[in-house]
Amino acid sequence: MILRWVFASIVLLCTILTALPRFRKTGYDEQEARLLLNLAAGAYADSPYECVNRTFPPHEARVLLENIGEECDIVSSLCSGYVVKSDRLQHLVLVFRGTKTKTQLLLEGWASHSDGAPFFDMGDVNKYFLHAHQVLWPPVDRVLRDPRYQHYAVTVTGHSLGGALAALAAARIVNQGLRQSGQIRLITFGEPRVGSGKFARNFDAIVPNAYRVVFRRDIVPHMPACRKDFSDTRLREEDVHPCDDYEGTAAYHHGTEIWYPDCMDPGCTYLECTGLPKNEDMQCSDKLSFNLGDTSDYVWDHRNYFGVKVTSYGKSGCDGVFNATEVKEGTIHKIVSGLKMWASNIG
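FYI, in mature numbering (1 follows the signal peptide of the UniProt record, and there is no 0) the residues of the sequence shown are -21 to -1, 1 to 326.
EDC-like mimics (lysine to aspartate or glutamate), calculated; alpha carbons at most 20 Å apart, straight line:
#1 257 with 226
#2 106 with 49
#3 266 with 276
#4 257 with 223
#5 207 with 226
#6 266 with 241
#7 266 with 211
#8 294 with 45
#9 266 with 223
#10 266 with 251
#11 4 with 251
#12 4 with 183
#13 257 with 224
#14 207 with 218
#15 257 with 103
#16 207 with 223
#17 266 with 280
#18 207 with 94
#19 266 with 218
#20 207 with 224
#21 266 with 208
#22 294 with 29
#23 207 with 103
#24 266 with 224
#25 106 with 94
#26 106 with 50
#27 257 with 208
#28 257 with 183
#29 294 with 280
#30 257 with 211
#31 294 with 25
No lab work stands behind these hints, which were simulated from the structure alone.
All values reported here derive from a predicted model rather than from experimental measurement.
Could you build all of it, start to finish, from the sequences and the hints given here?
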């Protein structure tokens, strides 16, 4: 009888704990992230109109305000994005598209092997990301300065390269006084390291609500490699060493990593990575080691977030019945071969 009572009590306690809202250490909101992933996917479509309409309820009155697109490198690759507004909520969403072609990926990788370029007074950033940001900035600046929208809060998002461009846009918006820190939120997916440790430190000071979502063994957030601290044995994980140089010139992440170590279905566990080193928490994806023979698996994780293959899902208009996780081997092969350029620059 006593054992039955104890068992029933344990079952009841587990049920109560499961029903309780998840304790959050940061301002990350998974429901918001799922909506923004739709918009990030929509950036890969010829028009994001359908993704916008399928993502938000009608009462929010979200509309596509402006499409942005400019050639952004020596081979005339197109960098693009778009702006969504809601007058009812007084809110803007800036969305940037990720890498489109293998050649574009190679150029990004090549830029990571050279010195960065100054981003205002904040520190150095990847030259490719900086140039793409600069060519896309004028229409963004025009919207943000428009008297009709000057007081609207702003959320910025993007996947892969789009995440890097989103980060630079968020930093510039606050740096140039277009919005206050509390009016900006940044959520990215599979974002690479954008700039130096100095840039990361200055970014964190002005954009505190910044979250980098990372799925499982996505390899792109570990590019370009950070400088490793081989002297710190406290944080070492097997043969993996922590990143160093939060205030220096080597590549280093800004913002808080949100790591999904196993899956991204509703209810899957995620970690809010607030441990050490700051922004490069060794209890999250930085503790992983990467084997180049498994690169196709890492690329799969980069291309699939929240249960959808980001690019194809966006091109489908964010159609919920589309089998977006189906991957063509030829596509994966092209991306893997492109990543060979980055092979020595992972960590």
